[in-house]
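**Q** Let the hints inform the model, and build the full structure from the sequences given.
Numbered as in numbering that gives the first Met the number 0, the sequence shown ends at 356 without a single skipped number.
It should be emphasised that the hints constitute simulated quantities derived from the structure, not laboratory data. Model, not experiment: these values are computed from the prediction. Ideal Cβ positions, reconstructed from N, Cα and C, are used throughout, including at glycine. Hints are supplied without guarantee of correctness; some may be wrong.
[Unchecked claim] Simulated restraints on C-beta separations:
id, residue 1, residue 2, range
1, A202, D258, 26 to 32 Å
2, P230, A271, 40 to 46 Å
3, V56, E274, 34 to 40 Å
4, V180, F209, 27 to 33 Å
5, A136, A57, 17 to 23 Å
6, E182, I6, 45 to 51 Å
7, G211, P3, 37 to 43 Å
8, Y162, L13, 45 to 51 Å
9, E266, D179, 18 to 24 Å
10, V56, L13, 50 to 56 Å
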Amino acid sequence: MSLPVVIAAAGILLAATLLHYAFWSWRLAVPPVEDELLSVPTRDGWTLGLGRCRPRVAARRPPVLLVHGIAMNRQAFEFGMERYALAAHLARAGFDCFSLDHRGHGASRRGPGAPRRWNLDTYLREDVPAALDAIRAATGAGQVLWVGHSQGALMGLAACERYPERIAGIVALAAPAHFDVQERLKKLVLLRFTVLGRFTRVAARMLAPFAGQWHPAWADLAINMRNVERPVYRRLLANGLENLEPGVLEQFATFIREDSFRSMDGEADYRAGLEGCAQPALFVAAERDGLAPPSVVQAAYRRWGGPKRYVVFERDYGHTDLLLGRGAPEQVFPVVREFLLAHSGPASLAAALEERR
Numbered sequence: 000m001s002l003p004v005v006i007a008a009a010g011i012l013l014a015a016t017l018l019h020y021a022f023w024s025w026r027l028a029v030p031p032v033e034d035e036l037l038s039v040p041t042r043d044g045w046t047l048g049l050g051r052c053r054p055r056v057a058a059r060r061p062p063v064l065l066v067h068g069i070a071m072n073r074q075a076f077e078f079g080m081e082r083y084a085l086a087a088h089l090a091r092a093g094f095d096c097f098s099l100d101h102r103g104h105g106a107s108r109r110g111p112g113a114p115r116r117w118n119l120d121t122y123l124r125e126d127v128p129a130a131l132d133a134i135r136a137a138t139g140a141g142q143v144l145w146v147g148h149s150q151g152a153l154m155g156l157a158a159c160e161r162y163p164e165r166i167a168g169i170v171a172l173a174a175p176a177h178f179d180v181q182e183r184l185k186k187l188v189l190l191r192f193t194v195l196g197r198f199t200r201v202a203a204r205m206l207a208p209f210a211g212q213w214h215p216a217w218a219d220l221a222i223n224m225r226n227v228e229r230p231v232y233r234r235l236l237a238n239g240l241e242n243l244e245p246g247v248l249e250q251f252a253t254f255i256r257e258d259s260f261r262s263m264d265g266e267a268d269y270r271a272g273l274e275g276c277a278q279p280a281l282f283v284a285a286e287r288d289g290l291a292p293p294s295v296v297q298a299a300y301r302r303w304g305g306p307k308r309y310v311v312f313e314r315d316y317g318h319t320d321l322l323l324g325r326g327a328p329e330q331v332f333p334v335v336r337e338f339l340l341a342h343s344g345p346a347s348l349a350a351a352l353e354e355r356r
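**A** Printed below as a string of structure tokens:
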């Protein structure tokens, strides 16, 4: 085969790939369910996206900060198919909901001179206080209720210790604060040495139109396809997935190797800190979750120092299914809502703190 033919074939293949990506990104695009998008500056030069769903009924309740998991964005809670948007569900119950895009995700943008590398400690040190300050500026409220999924739940647990006066309560959905039983995860640790994480967003959008027809076995760690409708899965891939930051992967690799939950410098043991937290907490697990199985979530629940409740959803629920599973709006969302309503009074955190004394 001559060189011109090879070049022409390569050009056609590249053009077809770009057209495929552009068409399906457009065809499956669904904007987040939100009333406005706030731009939140951090101290180190990033601008974070913070989607807001205003309350649909008059109520004086603490605002809710919703924080996504690894390689996702705020569509985890503001999913463009409103039935599956937890933020919209809570807004109908009277909550003012703010869904965060961590740096490198969704609508967040890097400013001139801002760091190009980060890890979970950066989220906790820079992104979380910036989001809390923005919510206080928007609402006048000094405290939030935190709802986090997976990595976002871990950040919330650590934030409850670091910023105790600013978080009134937490819902931790599928929080993997222990890593002693997830054998399949240990095999994925080597991924931190690859560049594959840099292409997660592109790969997800390229594969989105085929979602449901082919589902790799390792993906069962994060989602049970038998419990998620195909149109939902396709739009999740096309809108909700982001690249994997090497620094974040490295920190999770450390957690998995050591069965730890700590800062990278070893100065802060986030897991040990759970025992000193006073906020009311709801720990939610899924029976078929390969990343945060019920025993792992229950271990964090047992360590928690404040008032607490543990709920496990059985049958077909997997890791991401707690947000996007077929029955999540009728089964999971009401449990989250009722917990937040029960801990929305101004005296809730004060009572918990007094009890700890």
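**Q** Taking the hints in turn, state whether each one holds.
**A** Do the hints match the structure? See the list:
1. A202 / D258: 26 to 32 Å: Given a distance of about 30 Å, which is inside 26 to 32 Å, the answer is holds.
2. P230 / A271: 40 to 46 Å: holds (43 Å)
3. V56 / E274: 34 to 40 Å: holds (37 Å)
4. V180 / F209: 27 to 33 Å: At 32 Å between Cβs, range holds.
5. A136 / A57: 17 to 23 Å: At 21 Å between Cβs, range holds.
6. E182 / I6: 45 to 51 Å: holds (47 Å)
7. G211 / P3: 37 to 43 Å: holds (40 Å)
8. Y162 / L13: 45 to 51 Å: holds (48 Å)
9. E266 / D179: 18 to 24 Å: holds (23 Å)
10. V56 / L13: 50 to 56 Å: holds (52 Å)
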